[in-house]
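Got chain A sorted already, so can you dock chain B onto it with the hints?
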Amino acid sequence: MAKPPEEDAYSALRSAGLLLSIPTLLIVSPLAGFFLGVWLDRWLHSGPWLSIAGLALGFVAAGRETWLIYRRTLEDEKRLEQQKKKEK
Amino acid sequence: MGLEFLSRVRSSTLWLAVIAALMVANYAGWRMGLGLAAGVAWSLANLGLLERLIVVITGAERRTTLSARRAGWVLAGMLALFGAGAVLLGSLPPAALVAGFLVPYAVMMFKAVAALLLDSPLWARVTRSPWRSLALVAVVAVLAWAVAASLPSLGGASPAQEPQTQAAAPAAGDAAEPVAKPGSTGPEKFANVVSVLVKANPGKEWSHWLHRFEPVLFSLFVALLLSLIAFLATRKKQLIPGPLQNVVEYVVELLYDFVVGILGPHYGPRFVPYLGTLFIYILAMNLFGLIPFMDSPTSSLNVTVGLALCTFLYVQYTGIRELGALGYVDHMAGSPRSAISWCMVPIMLPVHLIGELAKPVSLSCRLFGNVFGEDMLLVAFASLGVATLSFMHSPVGIPWQFPFLVLALLTSTIQALVFTVLSTIYLLLMLPHEHHEPEEASQPVH
Numbered sequence: 001m002a003k004p005p006e007e008d009a010y011s012a013l014r015s016a017g018l019l020l021s022i023p024t025l026l027i028v029s030p031l032a033g034f035f036l037g038v039w040l041d042r043w044l045h046s047g048p049w050l051s052i053a054g055l056a057l058g059f060v061a062a063g064r065e066t067w068l069i070y071r072r073t074l075e076d077e078k079r080l081e082q083q084k085k086k087e088k
Numbered sequence: 001m002g003l004e005f006l007s008r009v010r011s012s013t014l015w016l017a018v019i020a021a022l023m024v025a026n027y028a029g030w031r032m033g034l035g036l037a038a039g040v041a042w043s044l045a046n047l048g049l050l051e052r053l054i055v056v057i058t059g060a061e062r063r064t065t066l067s068a069r070r071a072g073w074v075l076a077g078m079l080a081l082f083g084a085g086a087v088l089l090g091s092l093p094p095a096a097l098v099a100g101f102l103v104p105y106a107v108m109m110f111k112a113v114a115a116l117l118l119d120s121p122l123w124a125r126v127t128r129s130p131w132r133s134l135a136l137v138a139v140v141a142v143l144a145w146a147v148a149a150s151l152p153s154l155g156g157a158s159p160a161q162e163p164q165t166q167a168a169a170p171a172a173g174d175a176a177e178p179v180a181k182p183g184s185t186g187p188e189k190f191a192n193v194v195s196v197l198v199k200a201n202p203g204k205e206w207s208h209w210l211h212r213f214e215p216v217l218f219s220l221f222v223a224l225l226l227s228l229i230a231f232l233a234t235r236k237k238q239l240i241p242g243p244l245q246n247v248v249e250y251v252v253e254l255l256y257d258f259v260v261g262i263l264g265p266h267y268g269p270r271f272v273p274y275l276g277t278l279f280i281y282i283l284a285m286n287l288f289g290l291i292p293f294m295d296s297p298t299s300s301l302n303v304t305v306g307l308a309l310c311t312f313l314y315v316q317y318t319g320i321r322e323l324g325a326l327g328y329v330d331h332m333a334g335s336p337r338s339a340i341s342w343c344m345v346p347i348m349l350p351v352h353l354i355g356e357l358a359k360p361v362s363l364s365c366r367l368f369g370n371v372f373g374e375d376m377l378l379v380a381f382a383s384l385g386v387a388t389l390s391f392m393h394s395p396v397g398i399p400w401q402f403p404f405l406v407l408a409l410l411t412s413t414i415q416a417l418v419f420t421v422l423s424t425i426y427l428l429l430m431l432p433h434e435h436h437e438p439e440e441a442s443q444p445v446h
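Going down the list, the sequences are from chains A and B.
Going left to right, the first sequence walks through residues 1 to 88 as this note's numbering numbers them.
Going left to right, the second sequence walks through residues 1 to 446 as this note's numbering numbers them.
Chain A on its own, in the form it takes in the complex (with noise of 0.2 Å):
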C-alpha cells in the first residue's frame, strides 16, 4: 500500500470538511431537537412543554457542536503552522 501522504496535502479538505457541516447542524440540530420534543409530547401528553425544550436544547446543541468543530480547526491550524516553524 502507498507510504502515508503528506499531511499538509489534505489538510485543507479536513478544515474544509470540518467546516461544511457547520450550516447543516446548525439548522438539524433545532429540527430534531423540536421533533423529539413532539415525539416525547405524544408520548407522555405533556402538552407543548418538551417541543419548546428540544427547540431550546436543540439550538444549544447547534450552538456547542459549532464551537467543538471551530476550536479543532483552530487546533489542526495552530499545528500545522507549528510544523511548518520547526520544518523550518
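The set of hints was computed from the structure by calculation and includes no laboratory data.
A couple of the hints might just be wrong.
[Said to hold, decoys possible] So the derived list for chain A, only partly shown, Cβ under 10 Å to chain B, looks like this: (1) L13; (2) R14; (3) G17; (4) G33; (5) G58; (6) R72.
Source: prediction; values computed, not measured.
In this text, a Cβ means the ideal position worked out from N, Cα and C, and glycines have one as well.
Here is chain B on its own, set in the frame of chain A:
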C-alpha cells in the same frame, strides 16, 4: 471572509426578506407574509447573538470580567429569543416561520457558491469571451423558462396532456419517458425496468412486491455489480497489473490517501475500507440513474437513511471501542470535571444526544434531496423536449436533458464525496485527539 461575510449575508437577507414577505402577503395572505418576515427576523437575531458570543469568547479580551458580563448578556438575549420563538410558533403559521428561519442560511449558501464560482478559472474563461457569456445567459434563460413552464404541471397536469407526454417520449432513444400516473401531481421518475414490468402486469402479487422493493433491488444490483468488478480485478493479481487491476488499484490508493489525509496516519488506515466502500457505493448508485431503464436508489429516502444509519452506528461503535463504555458516557455527558460541569450534565447529555441524532438526519436528507432533485430536473427537461415538438405531433422530443446529464455526472460525484467527507469528519470528532508524534505515527495499525 468571516464577520464581513456575515454582515453581507445579513444585508442581502434583509432585502430578500422584505421583497419575499410582501409577495407572500400579497398572494398567500398577510399572516403568511408576517410569519415569513418574523421567521427571518428571528433567524437573523439568533445568528447575530451567536456571532457576538463567538467574538466575546474568542476575542482578545476573553477571560476578563467585561467579556464574561457580555457573554452573560448574550446568553440572556438568547433565552429571551427562545421565548419569543415559542410565542411566535403559537401565533403565526409555523410553515412560514420555518421558511423565514431558513432564508439567511440559503443566502449564506448561495453567497458561498457565488464566491467559489467567481474566483474559479472556469468563470474567468467563460466571461473572457462575449459569445460564451451570451451562451451562458441563454442557458440560464432557458432554465428559468423550463422551471416556470413546469410549475403549472406541479399543480396537476391536464388529462389531455398526460397521454401525449407518455406516448411521445420513448423514441428519444434513452428511455426518456417520465412515468405519469393518472391522478398524480406532475411528472414522476423516468421509466425503469421495474416500473415497466409493474405497468405491464398490474394487479399481480409479484409486481406489487417488485414495486415495493424497487430501491432495494436496484441497490442490491449495484452492490452485486461492484462486488463482481472487485472479484474480477483481484482474481489474478499480477505485479504488472492489467487494465482492470490498474484502475481498481488507482481508485483504492486515491481513497487511502484521502481518508488517511483527513484522519491521520494512526487512525486513518483502519477506516479506509468502510469510507472507501461508502464513496464507491454511493457514487455508483448516484450514477446508476443515468443509465437508460435504471434508477438511482439514492433518490429514495429509505436508502439514504439506511446509509446514514450505518455511518451513525459505526461512529458510535468506534466511540465506544476507542473511549471505552465509561469514556463514551463521559464524552456524551460533556466530560464533567468540576462541580459546575457535573450540575450541567442533565443539560449536556440531551444536548449531545440531539447533536449526534442531527448528523444522520442531515446526511440522509442532503443526499436524498440532491439526487432526487437531479432526477426531477432531467425529467422536467425531457418533458419540455417532448412538449416543444408536440405542436407537430412528433413522436420524438428534443433531448433538452442531455446537457444536464453531464451536470448530473458532476453533482453525483460531489454528493458522494460530501457524504464521505462528512462521515469521515463525524468519525474524526468522535476519535480522541491524535498527537502526531513521529513514534506514534509509525505505530502499527490495529
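Now the hints, each set against the structure:
1. L13: At 6 Å from the nearest chain B Cβ, L13 of chain A passes the 10 Å test, so the hint holds.
2. R14: With a minimum Cβ separation of about 5 Å from chain B (threshold 10 Å), the hint on R14 of chain A holds.
3. G17: holds, 4 Å
4. G33: With Cβ-Cβ at 5 Å, under 10 Å, it holds.
5. G58: Since chain B brings a Cβ to about 5 Å from G58 of chain A, closer than 10 Å, the hint holds.
6. R72: holds, 7 Å
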